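Undergrad: Residues per chain are reported as follows:
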Amino acid sequence: MATLDQVGVAARARLFASRSVKRSSKLFACNLIIACTDLTTLEGSDTKGRVEMLCAKALHPQPDDPSIPPVAAVCVYPAQAATAQRRLRGSSVKVAAVATGFPSGQVPTKVKVAEAEIAARHAQEIDMVMDRGAFLEGRYRDVQSEIAAVKEAIKDGHLKVILETGELGGLDQVRRASWLAMEAGADFIKTSTGKIQPAATLEVAVVMLEAIRDFAWATGREVGFKPAGGIRNTKQAIAYLVAVSEILGDRWLTPQRFRIGASSLLNDVLMQIYKERSGGYQSPEDFTQA
Amino acid sequence: MATSPPKTSPRPDLPAEPAADRAAEPEFPARLFEYAPAPESTEHVRLDDTYGLFIGGRLVAPHSRRHRPTVNPATEEELAQVAEADATDVDRAVAAAAEAYLPWSRLSGRRRARYLFRLARLVQERARELAVVETLDGGKPIREARDFDIPTAAQHLFYHAGWADKLEYAFAGARARPLGVIGQVIPWNFPLLMLAWKVAPALATGNTVVLKPAETTPLTALLFADICRQAELPAGVVNIITGGPEVGAALVRHPGLAKVAFTGSTAVGKEIQRVLAGSGKRLSLELGGKAAHVIFEDSPMDQAVEGVINGIFFNQGHVCCAGSRLLLQESIAEPFLRRLQLRMSRLRVGDPLDKNTDVGAINSRAQLDRIEELVRAGVEEGARLHQVSCRLPERGFWFPPSVFTGVAPAHRIAREEIFGPVLAVMTFRTAGEAVELANNTRYGLSAGVWTSKGSRILWMSQRLRAGVVWANTYNQFDAAAPFGGFAESGFGREGGAQGLGEYLEFS
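Sequences listed follow chains A and B, in order. Residue numbers for the first sequence follow my numbering, beginning at 125 and rising by one. Residue numbers for the second sequence follow my numbering, beginning at -12 and rising by one.
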């Protein structure tokens, strides 16, 4: 297995974070971030009304400005997938449902597979959690066979595998988990559930993106990347975009291979777009709640 | 999907032939997300039209009344007219330093420390200005000037300020005394940092100095003269004289010096050594290098690629300790070079003032000529040249990041210091062979080792003949770590207690 050096990875991440992205390139980045956003609500208190509100925001991030693109997907619990499906039908916005005992994954495999299969009836995309317990016990085959079983259960569904990198105990483990998930059939690898700290970090992103590159070299299959959790402002999001662009290049700068999971990022991106256009910041009231 | 490099090649070559290489599509092309120009502002920088010599605490006109222009190597535009010193000015400067020596050396360590702390803080306060001027005058990317050159220069001043009041008891059983007037000649690759490396230990130990910055990069030294004035450093403790190599030659020959400290080319270093023989002057030389960067098959490969990039393209390769010979374990040569080539396709070459620039301008026409001459020799001797395809500005001095594969140890590009963004790649089979190849050089300044095996790091560092061996990193500097070379890389150390000792007489 390839090894990693944490200090070196951190230095590379710092370089990405220090790129100065201004004017036309910032506008390009902001629009791309919106188009790649999985607008997310994952709370025990989620209701039909809350999800409908989120869907409205997903379709028209800024209702009075048609130049702002819709987001890529709305990400909800399986119980809310049908509501989201109804509201988003006929649009480009996909329904993504978390599954397999999100966020801990500590339920029997049979239940996980059943949950994913049911969720996939209303959601085109399934964000499953990797079994970290099995991974840390060294049962890598069990981890893989579970991912493969979920992949099979959701048929044509698009599978994102959440590694929950904050629980894996180091970058070498992140690399190993990325590889396992890709081999088992993941269409995307995703950093975090957002329920555990640390969630997405640029260092972890560097490691996962390099694993995706190596996997593409080894197999020809181009797996997507989704950082999620803790990405709240445009500057952070742009740093991920820089990393994707400088490591993997143009073919990953699309919602087919890049997503950002976030709940509160969108309005900050909108604010930055209007700031670039007009030269001044608008007040938070100018942007709709979601 | 891009195709794999041909596996039939007996040597670890990059995928494309040199001729086709520039036009070849890089793997994973990245063109969509172009960064708009992000130039660092120069509005806060005010340069004078002409600069005098800093002698006895004042900027004075040169005896010759002659000035010469210093240009921005990225645009070939003149930045300022800088005084041309001659032997008379050298006499004046050494006399000023000699006059300042007694009171300065008798000052308590605590008082000298106070001045050094003041200099360090002023360098920090004026960091943005110094960084921009360093970039304008030398061509290095603003990111490096801002994040490396200036902060590291300040660190050297702070570090040595801390030594000034501890000399009496720092060297057990010995009384440490200053030497006198020190003549210092520094290069153009890290102008302010090399100044700090020289001036800080000399002043901390109670010596006074006459410093000559490089002909192509005098401006930050002249700003430092202004900082000395701001810090109210006693007149004559630091003197700065500018001009060409003749001025440096006149300085090192001056009978009033107790010591000469030189950083620069091996050829000039040897000449100085000849001139000083029998003069009784102390001498320290920090000269060229041709460092081996050894990558084992169990290395963290992507970080090693970063290390190699940093090792050879940092400051356009104008680094005496640049990792210019890449020694790859043969079993990983192909995947490593594939990653290296992809990484090189991402290097942003261009306007040094742009905050996103990774590789800036070559320091001077003369240096560009030398790089081009050696690269031509590499091609003629049969090595294969691979260069990144980047659009270079029309004016100014530029050279694209380059890699030679199929290099034999006998080739000139494997033996001579290129001092530019040119990497020579060779392969090895065993650790023993890596050591042989690495040590097969006239130089011995630095080396790098990448492996996941701790014991191998120790094994290698015991055998590599180099003043610095970096393990799983490259180009790391600290004021507390002595830096210097073996063999034709010179002698004497800078930094740490060892570096301090170069400026002291023990009795």
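By construction, these hints were calculated from the structure, which means they are not laboratory data. Owing to the predicted nature of the structure, the values given are computational and were not obtained by experimental measurement. The C-beta atom is built at its ideal place from N, Cα and C for all residues, glycine as well. Among the hints, erroneous ones may be present.
Said to hold, decoys possible - Partial pick of chain A residues on the chain B-facing surface, computed with a CB cut under 10 Å:
| # | residue |
| --- | --- |
| 1 | Q130 |
| 2 | L139 |
| 3 | V237 |
| 4 | E241 |
| 5 | I242 |
| 6 | L292 |
| 7 | D338 |
| 8 | A340 |
| 9 | L365 |
| 10 | E370 |
| 11 | L372 |
| 12 | D374 |
| 13 | Y398 |
As the list claims (entries may be wrong) - Which bits of chain A does chain B cover? Going by a derived footprint, with three or more residues having C-beta under 8 Å, they are:
| # | stretch |
| --- | --- |
| 14 | 131 to 137 |
| 15 | 217 to 227 |
Undergrad: Confirm or reject each hint.
TA: How the hints compare with the structure:
About 9 Å separates the beta-carbon of A/Q130 from the nearest beta-carbon of chain B, less than 10 Å, and the hint is met. Because the closest C-beta pair between A/L139 and chain B is about 9 Å apart, less than 10 Å, the hint holds. Of the supplied interface hints, the one on A/V237 is violated, with its beta-carbon coming no nearer than about 32 Å to a beta-carbon of chain B, more than 10 Å. Of the supplied interface hints, the one on A/E241 is violated, with its beta-carbon coming no nearer than about 32 Å to a beta-carbon of chain B, more than 10 Å.
With its C-beta approaching chain B no nearer than about 36 Å, A/I242 sits outside the 10 Å limit, and its interface hint is violated. Hint on A/L292 is violated. Least Cβ distance to chain B is approximately 17 Å, over the 10 Å limit. With a cut of 10 Å, the hint placing A/D338 at the interface with chain B holds, because the nearest CB-to-CB distance is about 9 Å. At about 7 Å, the closest approach between the beta carbon of A/A340 and any beta carbon in chain B falls short of 10 Å, and the interface hint on this residue holds.
Against a cut-off of 10 Å between C-beta atoms, the interface hint on A/L365 holds, since the closest Cβ of chain B lies about 7 Å away. The closest approach between the C-beta of A/E370 and any C-beta of chain B is roughly 5 Å, which is under the 10 Å cut-off, so the hint is satisfied. For A/L372, the suggested interface contact is upheld, since its CB lies about 6 Å from the closest CB of chain B, less than 10 Å. At a threshold of 10 Å, the smallest CB-CB gap from A/D374 to chain B is about 4 Å, leaving the interface hint in force.
The interface hint given for A/Y398 is violated, since its Cβ lies 18 Å from the closest Cβ of chain B, which is over the 10 Å cut-off. Taking a C-beta to C-beta cut-off of 8 Å, the stretch 131 to 137 of chain A contributes 5 residues in contact with chain B, enough for the three needed, and the coverage statement holds. With a threshold of 8 Å between beta carbons, the proposed coverage of the stretch 217 to 227 of chain A by chain B is violated, since 0 of its residues qualify and at least three are required.
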